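K.L.:
Spelled out from the first residue to the last, the chains are:
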Amino acid sequence: TQTVSQSDAHVTVFEGDSVELRCNYSYGGSIYLSWYIQHHGHGLQFLLKYYSGNPVVQGVNGFEAEFSKSDSSFHLRKASVHWSDSAVYFCAVSPNYNQGKLIFGQGTKLSIKP
Amino acid sequence: DTTVKQNPRYKLARVGKPVNLICSQTMNHDTMYWYQKKPNQAPKLLLFYYDKILNREADTFEKFQSSRPNNSFCSLYIGSAGLEYSAMYLCASSRKLGGSQNTLYFGAGTRLSVL
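Note that the protein sequences, when read in sequence, are chains C and W.
Letter by letter, the first sequence follows residues 1 to 114 of the working numbering.
Letter by letter, the second sequence follows residues 1 to 115 of the working numbering.
Calculated directly from the structure, the hints in this document are not laboratory data.
Owing to the predicted nature of the structure, the values given are computational and were not obtained by experimental measurement.
Positions of the beta carbon are idealized from the N, C-alpha and C atoms, including for glycine.
Worth double-checking, as some hints may not be accurate.
Here are the in silico distance ranges between beta carbons for each label pair [said to hold, decoys possible]:
# : chain 1 : residue 1 : chain 2 : residue 2 : range
1 : C       : Gly16     : W       : Lys96     : 19 to 29 Å
2 : W       : Lys5      : C       : Ala9      : 38 to 48 Å
3 : C       : Val60     : W       : Met27     : 12 to 22 Å
4 : C       : Arg77     : W       : Asn70     : 33 to 43 Å
Distance condition first, Cα-Cα at most 30 Å in a straight line; then the derived DSS-like pairs of lysine-lysine [said to hold, decoys possible]:
# : chain 1 : residue 1 : chain 2 : residue 2
5 : W       : Lys52     : C       : Lys69
6 : W       : Lys11     : C       : Lys109
7 : W       : Lys38     : C       : Lys113
8 : W       : Lys52     : W       : Lys63
Just chain W, same shape as in the assembly:
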């Protein structure tokens, strides 16, 4: 099974409330990524886990948290949602960080709407 699963597909949240998005893969991949995609914009990397080590991009450092309690599961957490968080959130995984045979697999995404 080479799929990355994201739940839920659609999520509605209220301004100021927390949001938790879930991603899972059963490919025993070392690395899991979260991207944010807004309409008519390029997907943007938010953070990634390599094994148990979390790396957050500098410009999103304080806006998003993540946890990876085991190899298969990774969550994206927003402590207090704002309207600007409305977007598609894409999870991806890869067996390792680099290498010519390495392939990145994306999930179908979770569309978050903040009202």
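Excised from the complex, chain C in its bound form:
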């Protein structure tokens, strides 16, 4: 069974705080792991992805994610959040032969307090 689990439905932090959004997956075979962001009223926007190599990948706007094979995880982090980071974040897994065949997690809503 191929699943993506985002354990936190909602995370609230203060502006300037660090944040980690958790993602665990279950998938057989060679895969891509990715994160997408959805601001209210907008479509999904690509943040970053991992396929192989350095397990820490850098994305846009200061986001990074770390792959862990032993934990089957791909957590997203940011050292200092800005109010504009308020959005819903989706973790996704896809097979390497079709990156668009995404299986998404339920999403984590990140709220930033001033």
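With chain C held as given, fit chain W onto it using these hints.
P.N.:
For chain W alone, kept in the frame of chain C given last:
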């Protein structure tokens, strides 16, 4: 222009009536996808085109149709809308199916409300 355009942004439909949603991209991408997203649920892949070949997911096979008359344009068709079709429909495209440099671009979505 790296945008995927979806029209309309909002659509109202009556139960039992057909619905046609439109997506376009000018990036000359080989692959176009349609996802369905309901509130508090993960986006779910409905179908995708690779070039002219349509691939529909097994559990949505009979519920949705699609056409791709040219490389830039892809539609999603519901023959007879039911209340359960109310959702956000997201279109996406990518240059090819795989590859480390391949990126998926999403449109802003069409919110379909069936009454």
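K.L.:
What are the numbers of the hints the structure violates, in ascending order?
P.N.:
Violated: hints 1, 2, 5.
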